[in-house]
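Could you build all of it, start to finish, from the sequences and the hints given here?
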Amino acid sequence: MDKRSYLVPSLLALVLHAGVLLLLAGHWFDHADPRELKPRHIQAQMVDLGAVSQALEKQTEQARRIEEARKKDEQRKQSERDKAQEKQRQQELAAQEKALKERQAQEQKVKDQQAREVAAKEKATKEAEQKAQTQRQEKEKARVAAEAKQKADEQAKLAAAKKKQADEQAKAAAQKKKLAEAQAKAAAEKKKQAEVAAKAKAEAKRVAEAKRKQEEQQRKEAEKARELQELEKAIAQEQRIAADRASQQLMTTMADYINAELSRNWRVSSAFRNGMEAVVEIRLFPSGEVDSANLVQSSGDSGFDNAAVQAVFKVDRFVRVAEVDPLTFERNLRKFRVKFRPEGLRW
Amino acid sequence: MKQRLLACCVLMLLAFGARAELVIEVTQGVDAPTPIAVVPFGWSGATPLPEDLAEIVSTDLYRSGFFSAMKRGDMLSFPQQQAQVFFRDWRVSGQNYLLIGRVTSTGGEQLQVTYELYDVLKETRVLGEQISGSTRNMRDIAHYISDAVFEKLTGLRGAFSTRIAYVTAQNQGGGRHRFSLQLADADGARARTILESREPIMSPSWSKDGSKLAYVSFESSRPGIYVQHLATGKREKIQSFAGLNGAPAWAPDGQRLALTLSKDGNPEIYTLDLARRQLTRVTHHYGIDTEPTWAPDGQSILFTSDRGGQPQIYRVYLADRRIERVTFEGNYNSSGKLTQDGRFLAMVHRSAGAGAAFNIAVQDLKTGRLDILTQTSLDESPTIAPNGSVVLYATQQGNNGVLAAVSLDGRVRFRMPSSSGDVREPAWSPYLQ
Amino acid sequence: MRALNVTKVAALALTFAWVAGCSSTSTQTDSADMGGSMGSDSGAMTSGSAGMGGLSGSELPAEVANLQTVFYFDFDQSSVKGESFADLEAHARYLASNPQASVRLEGHADERGTREYNIALGERRGNAVARFLMVNGSNAGQVEVISYGEEKPAVMGHGSDSWAQNRRVELKYAGR
Numbered sequence: 000m001d002k003r004s005y006l007v008p009s010l011l012a013l014v015l016h017a018g019v020l021l022l023l024a025g026h027w028f029d030h031a032d033p034r035e036l037k038p039r040h041i042q043a044q045m046v047d048l049g050a051v052s053q054a055l056e057k058q059t060e061q062a063r064r065i066e067e068a069r070k071k072d073e074q075r076k077q078s079e080r081d082k083a084q085e086k087q088r089q090q091e092l093a094a095q096e097k098a099l100k101e102r103q104a105q106e107q108k109v110k111d112q113q114a115r116e117v118a119a120k121e122k123a124t125k126e127a128e129q130k131a132q133t134q135r136q137e138k139e140k141a142r143v144a145a146e147a148k149q150k151a152d153e154q155a156k157l158a159a160a161k162k163k164q165a166d167e168q169a170k171a172a173a174q175k176k177k178l179a180e181a182q183a184k185a186a187a188e189k190k191k192q193a194e195v196a197a198k199a200k201a202e203a204k205r206v207a208e209a210k211r212k213q214e215e216q217q218r219k220e221a222e223k224a225r226e227l228q229e230l231e232k233a234i235a236q237e238q239r240i241a242a243d244r245a246s247q248q249l250m251t252t253m254a255d256y257i258n259a260e261l262s263r264n265w266r267v268s269s270a271f272r273n274g275m276e277a278v279v280e281i282r283l284f285p286s287g288e289v290d291s292a293n294l295v296q297s298s299g300d301s302g303f304d305n306a307a308v309q310a311v312f313k314v315d316r317f318v319r320v321a322e323v324d325p326l327t328f329e330r331n332l333r334k335f336r337v338k339f340r341p342e343g344l345r346w
Numbered sequence: 000m001k002q003r004l005l006a007c008c009v010l011m012l013l014a015f016g017a018r019a020e021l022v023i024e025v026t027q028g029v030d031a032p033t034p035i036a037v038v039p040f041g042w043s044g045a046t047p048l049p050e051d052l053a054e055i056v057s058t059d060l061y062r063s064g065f066f067s068a069m070k071r072g073d074m075l076s077f078p079q080q081q082a083q084v085f086f087r088d089w090r091v092s093g094q095n096y097l098l099i100g101r102v103t104s105t106g107g108e109q110l111q112v113t114y115e116l117y118d119v120l121k122e123t124r125v126l127g128e129q130i131s132g133s134t135r136n137m138r139d140i141a142h143y144i145s146d147a148v149f150e151k152l153t154g155l156r157g158a159f160s161t162r163i164a165y166v167t168a169q170n171q172g173g174g175r176h177r178f179s180l181q182l183a184d185a186d187g188a189r190a191r192t193i194l195e196s197r198e199p200i201m202s203p204s205w206s207k208d209g210s211k212l213a214y215v216s217f218e219s220s221r222p223g224i225y226v227q228h229l230a231t232g233k234r235e236k237i238q239s240f241a242g243l244n245g246a247p248a249w250a251p252d253g254q255r256l257a258l259t260l261s262k263d264g265n266p267e268i269y270t271l272d273l274a275r276r277q278l279t280r281v282t283h284h285y286g287i288d289t290e291p292t293w294a295p296d297g298q299s300i301l302f303t304s305d306r307g308g309q310p311q312i313y314r315v316y317l318a319d320r321r322i323e324r325v326t327f328e329g330n331y332n333s334s335g336k337l338t339q340d341g342r343f344l345a346m347v348h349r350s351a352g353a354g355a356a357f358n359i360a361v362q363d364l365k366t367g368r369l370d371i372l373t374q375t376s377l378d379e380s381p382t383i384a385p386n387g388s389v390v391l392y393a394t395q396q397g398n399n400g401v402l403a404a405v406s407l408d409g410r411v412r413f414r415m416p417s418s419s420g421d422v423r424e425p426a427w428s429p430y431l432q
Numbered sequence: 000m001r002a003l004n005v006t007k008v009a010a011l012a013l014t015f016a017w018v019a020g021c022s023s024t025s026t027q028t029d030s031a032d033m034g035g036s037m038g039s040d041s042g043a044m045t046s047g048s049a050g051m052g053g054l055s056g057s058e059l060p061a062e063v064a065n066l067q068t069v070f071y072f073d074f075d076q077s078s079v080k081g082e083s084f085a086d087l088e089a090h091a092r093y094l095a096s097n098p099q100a101s102v103r104l105e106g107h108a109d110e111r112g113t114r115e116y117n118i119a120l121g122e123r124r125g126n127a128v129a130r131f132l133m134v135n136g137s138n139a140g141q142v143e144v145i146s147y148g149e150e151k152p153a154v155m156g157h158g159s160d161s162w163a164q165n166r167r168v169e170l171k172y173a174g175r
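Protein chains in written order, with numbering that gives the first Met the number 0: chain B, 0 to 346; chain V, 0 to 432; chain S, 0 to 175.
No wet-lab data here; the hints were simulated from the structure. Nothing false has been slipped in among the hints.
The following label-pair restraints were derived from C-beta to C-beta distances: (1) B:VAL318 <-> V:LEU377: 50 to 60 Å; (2) V:SER76 <-> B:LEU6: 52 to 62 Å; (3) V:HIS283 <-> B:ASN258: 54 to 64 Å; (4) V:GLY44 <-> S:HIS157: 46 to 56 Å; (5) S:HIS157 <-> V:GLY308: 21 to 31 Å; (6) V:GLY367 <-> S:GLN99: 53 to 63 Å; (7) B:THR251 <-> V:ALA82: 43 to 53 Å.
From a predicted model like this one, the values you see are computed outputs, not experimental measurements. Backbone N, C-alpha and C fix where the C-beta goes; we use that ideal spot for every residue, glycine too.
As structure tokens, this is what we get:
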């Protein structure tokens with residue numbers, strides 16, 4: 000059961016790692032997948048989600064590594080282990096964050112490129128735009144950018160139309176050559192002014208667009224930060240789970256050990272009968288030495304009860320309990336109960 | 000992903016569950032007796048005491064099957080007082096309990112015996128007592144101490160102060176025999192003859208108060224059933240019909256005897272009301288019905304019958320004479336004896352199959368499980384200690400019958416010290432007052 | 000009892016037919032023994048064969064002096080073997096013609112099995128011989144059966160030879 004529960008996550012983690020490597024190796028990820036038939040925006044979306052889940056998977060993997068490291072460290076002293084673990088965890092966290100940022104930068108690049116492509120497509124066809132509109136978050140961003148560009152374009156068109164009008168007016172003015180040169184000059188001047196104005200307008204639009212872009216960038220950044228925060232939270236939780244799991248596994252080992260020690264020292268007399276049952280509460284010192292052993296549930300047979308308590312005192316010291324970290328000891332082994340319930344007796 | 004989360008949740012729950020209460024379940028132990036050290040008792044008198052109390056106690060405890068006694072040669076010290084006890088030493092030598100004591104003279108033959116029982120592992124005193132006695136009843140004092148220690152540690156009443164009766168036979172040549180009925184301590188010591196005869200003596204049975212013995216004697220040239228008062232030696236002939244008069248068994252109420260008579264043609268079980276001399280026939284079958292033994296509640300009698308073609312043990316309920324078969328395994332089951340709780344039936348058993356030996360077996364009447372306790376070949380006459388811990392029986396050693404004992408679980412076996420001649424038919428007394 | 004053979008059935012039938020008139024229930028007379036106190040011999044006592052009628056080693060009447068007096072049985076069996084018929088018939092004839100004579104049949108078993116059960120087996124063998132004698136002319140009052148089970152083996156030892164010699168009925172004439 001244990002083996003299976005480790006095998007599956009390990010394999011998953013390995014597979015996902017391979018996926019990350021592939022992704023990081025180049026921007027041709029989408030070409031790499033021959034089965035991918037969806038539009039590119041969706042691919043972009045997929046990459047995003049994948050990255051997040053990969054990050055999580057990686058953390059799981061790391062949690063597992065931590066757990067393994069802890070298991071190896073069991074023999075070492077607690078303080079050393081704690082320090083090493085803390086250090087390792089921080090390193091790994093830093094590495095994680097770095098990887099994450101890199102990935103985000105990469106992702107950003109891809110997104111930008113795609114946004115540009117999308118903008119180009121928008122110009123060519125509105126259908127693509129409508130499709131884009133049905134997409135979520137990322138496509139929304141792209142659409143906003145595209146709209147901005149479209150607006151700029153329209154404004155440019157407007158400006159061009161105005162220029163045409165000015166030209167026509169200039170033509171009309173040329174027809175009225177007889178009109179004062181000053182008028183012509185004025186017209187030229189006017190035209191010039193209009194051109195300047197158009198230029199200024201375009202410039203203003205560009206500035207506004209840049210500003211909007213910047214804002215969007217900031218918003219995105221904030222979002223990234225939030226994601227990062229969530230990620231960190233997830234990591235912390237993963238680590239806690241891993242620690243619990245390690246502790247749980249340690250306790251299974253310790254329970255087996257304590258059971259074996261008691262079994263070796265429990266004298267089963269011929270007066271015992273199947274079905275007899277006594278519970279002894281044991282208190283230990285961190286050294287594993289028996290502090291006390293008290294009967295908390297009698298079998299109704301004083302000989303049986305005696306033998307159960309004697310078994311605990313006969314062990315005297317559960318040597319391996321000394322290896323347990325203080326937290327696990329306090330949680331599980333400072334005080335625990337043992338049920339003595341013979342099986343397979345003749346009667 | 001969902002599954003992983005679920006798995007994580009389950010793990011966390013497990014972790015929390017474990018944290019809330021760690022319960023370890025121990026189901027296997029060591030099938031070995033509890034080690035106890037019985038240190039020689041201190042004595043400062045000028046002349047050595049007639050009996051070695053510690054030795055008697057040690058042997059008693061060992062023979063119960065519940066304890067292993069430390070050898071004197073392995074002891075590092077011989078403490079007589081608590082101040083002289085170094086628990087660590089006894090713990091290191093593997094002992095769970097320690098019994099020390101001292102004897103002081105209180106003038107003439109009078110003695111005062113003090114004993115103390117320590118839990119070596121907990122380093123506490125669990126029992127202690129002062130007993131007054133004399134040099135003449137030192138074995139009684141020793142058995143009394145054994146009983147106290149045994150009961151304290153096992154929760155079972157000790158049966159060391161009980162007695163056994165048995166029959167010895169000596170072939171004097173020329174067809175002449177010498178039979179005797181013996182009475183001894185449960186450990187075989189202090190045996191004395193209470194009846195001698197040139198004709199067979201058989202089937203001693205204790206009254207429930209331990210004051211009388213019923214038995215079969217052929218002294219009048221025919222078998223008769225007698226009752227002998229142990230305190231006075233007075234005896235009376237209870238029954239001597241034509242044919243068999245055998246297998247007396249005292250009822251738990253002490254008022255009746257079950258017995259086997261063939262006066263009506265073939266062996267049947269009867270009960271005899273001793274006060275009213277009233278005989279009641281219990282079984283009606285043309286086969287052999289014999290070896291009655293009472294259930295502890297007095298409501299039914301178990302007996303041997305070959306009504307099924309071979310000897311097996313049956314039970315007859317006295318209220319309605321309903322009969323049920325009790326044993327099914329093997330082709331010979333007889334001479335049944337029940338433990339005081341009525342749960343276990345000790346018997347002579349022969350497995351199916353050619354050349355199989357006669358062994359002592361015990362059947363758990365609750366589960367039907369039968370265990371063969373002995374490995375010798377002509378084992379018979381099982382009798383159970385009143386606390387149900389040990390079965391005493393007769394077996395052959397060379398050409399002589401000897402008594403041997405086996406704990407009810409078959410773990411401990413030992414031979415009783417053999418007296419002269421052929422020893423047979425042990426009968427373990429009830430608890431004595 | 001399942002092994003009741005033809006001989007026995009015939010013997011039984013003949014017994015009832017032949018000796019119906021003279022058979023008296025001996026059990027009634029025996030009940031007089033009931034409650035007979037043996038006095039208060041304190042503890043150990045020796046009770047021998049002083050007053051008993053058995054005569055181990057005493058001489059046989061001349062008419063039966065050459066007859067066999069020990070009859071053997073197969074394991075777990077109580078049927079009289081064919082090899083014993085001739086001598087037993089002779090004993091029966093002697094008893095029939097000497098009504099004052101009486102015999103004691105001592106049944107024995109080998110050591111295997113429990114003592115009380117073996118006492119019952121010995122009695123069964125004694126009864127088989129008694130029936131044979133009665134079928135062949137002796138009177139019920141002339142025959143007494145007593146079983147010693149495995150208490151008095153003829154030979155010591157724990158082998159099949161010893162056992163075969165111990166599974167027996169000994170016929171003894173009582174003194175007059």
